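Chains A and B are the protein sequences, given in the same order.
For the first sequence, the working numbering begins at -10 and goes up steadily by one.
For the second sequence, the working numbering begins at 31 and goes up steadily by one.
Just so you know, these hints were derived from the structure itself, not from any lab.
Values in this document were obtained by computation on a predicted structure and should not be read as measured data.
Quick reminder that beta carbons are idealized off the backbone N, C-alpha and C, glycines included.
Check before you lean on any hint, since a few could be wrong.
Pairwise CB distance ranges, derived in the manner of DEER restraints [as the list claims (entries may be wrong)]: (1) A/Gly40 with B/Pro183: 32 to 40 Å; (2) A/Arg189 with B/Arg83: 14 to 22 Å; (3) A/Trp37 with B/Thr169: 54 to 62 Å; (4) A/Val48 with B/Tyr33: 18 to 26 Å; (5) B/Tyr179 with A/Lys193: 16 to 24 Å.
Residues from chain B shown here face chain A by an in silico Cβ test under 8 Å; the list is partial [to be verified]: (6) Val103; (7) Gln173; (8) Tyr177; (9) Tyr179; (10) Ala205.
So these bits of chain B aren't anywhere near chain A, every CB distance computed over 10 Å [unchecked claim]: (11) Leu39; (12) Phe46; (13) Ile53; (14) Leu54; (15) Asn81; (16) Arg97; (17) Ser121; (18) Lys164; (19) Thr169; (20) Val174; (21) Val176; (22) Thr243; (23) Leu254.
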Amino acid sequence: MDWQVIIANFPLLMSGLVKSLQLTVVSVLFSFPLGCLIAIGRLSHRRWLSGASTAFVNVLRSNPLILILFWFYFLVPLITGRNVNDLTSIIVAFIVFFAAYFAEIVRSGIQSVGVRQIQAGLSSMRHIVLPQAIRAMLPALITQCIVVFQGTTVVYVIGYSELLHTAASIAERTVRPVELYVTVAAIYFIVCYSASRIARHFEKGAA
Amino acid sequence: MRYEFNWGLLWREPYFDWIVEGILTTFHLALLAWILALCLGIVIGVLRVTNSRLLRAIGTTYVEVFRNIPLIVQLFLWLYVVPQMLPREFSFWWNRLDNVPYWTAMIGISFYTSARLAEQIRSALRAIPPGQFKAGLSTGLTQVQVYRYVIVPYALRIIIPALTSEFLTVFKNTALALTIGVIEITATTRRIEAWSFRGIEAYTVASLTYIATTILVILFMSWLERRYQIPGLIKRGEARV
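Sequences and hints are given; from them, build the entire structure.
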């Protein structure tokens, strides 16, 4: 064991972590609002709208993230008709994929507040239902953010230099896989465990 | 968008054989990993509801460690780190096995999933009112009999929906095994895309495999749930209203 390699490459690992976190934040910022729209679509009385939203959610939730990433990696340049950089495809795939998961959280949050309150009129949606629903959903939303953060490791296969890919390339260069993967596992653990404590705090507060 | 479809390609050699093999690999990897995860998960789940503080702490640590490290990182740990920690004879034996990535993926996915299953099992055990246990004892059943005839049948029914969704999660997670070199269905279609530049056709095969399996599993499990439903058994979630 030679932990010197970790100290020497620590700034590089931290810049990888920052990229992972950035990807998480951007994905959540866009997929949460999209998920809200889809959730409202699923609860709509219009058949075509609720049908389309349900299909969107079910198709995406039954596919693995890595496959969705491959899909978008192939489709985005094809649809836009020009070469886009890897990051654009990755971000689009993450937003679309996680919107389906956020939609499910928001839908069950809205339903937990009660369908009767929703039936009282759409204006009540914004002022009465959503604030209550968001409070009820908060632990699940934070947990989902952890899932998104863990999901960023998947872009390793594309070669985008987030934390895992950075560590893997250092491991290859220095031939020190044990030290690097143990360190990376510890970093992921610290971030995810802290976030899950925050989620649990809100869970207790809400009860 | 200009794209010429060529669906016939999928039936041609060698792609068709690849696809069949990829689908089979996904299926048996998912099933084996799930069975192993269930065994581990039951043990850990029971540890978390015992009276011993030490056993509970072990269970909690296990769950937190395996839940808070991303699965790919865990797979890398199993592949690169764990064999170096083990006795030399064992790692010689291990490295001479056929298909080391496959077994590594199976172990890695099982441990990751077992932590999630342990949580489901714990909450199912908690959902059973303690009165049930005492009532069983007071009718003259032994402790083992209470578990055999009251608690376990009850818990199994409560947990069916959770087991369904966890199985589907395992099934999707097998795709991550491609990062350590297992050629399951997602890796297969990625390879077909690289060989033929027919991304849409190739990925459609993988997506349809996942979607069709998801639908079949959900139908089967809801049939199972209805088949073994006890009329009047309080459902989970409604129990505390």
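Violated constraints from the hint list, given by number and in increasing order: 5, 7, 8, 9, 16, 22
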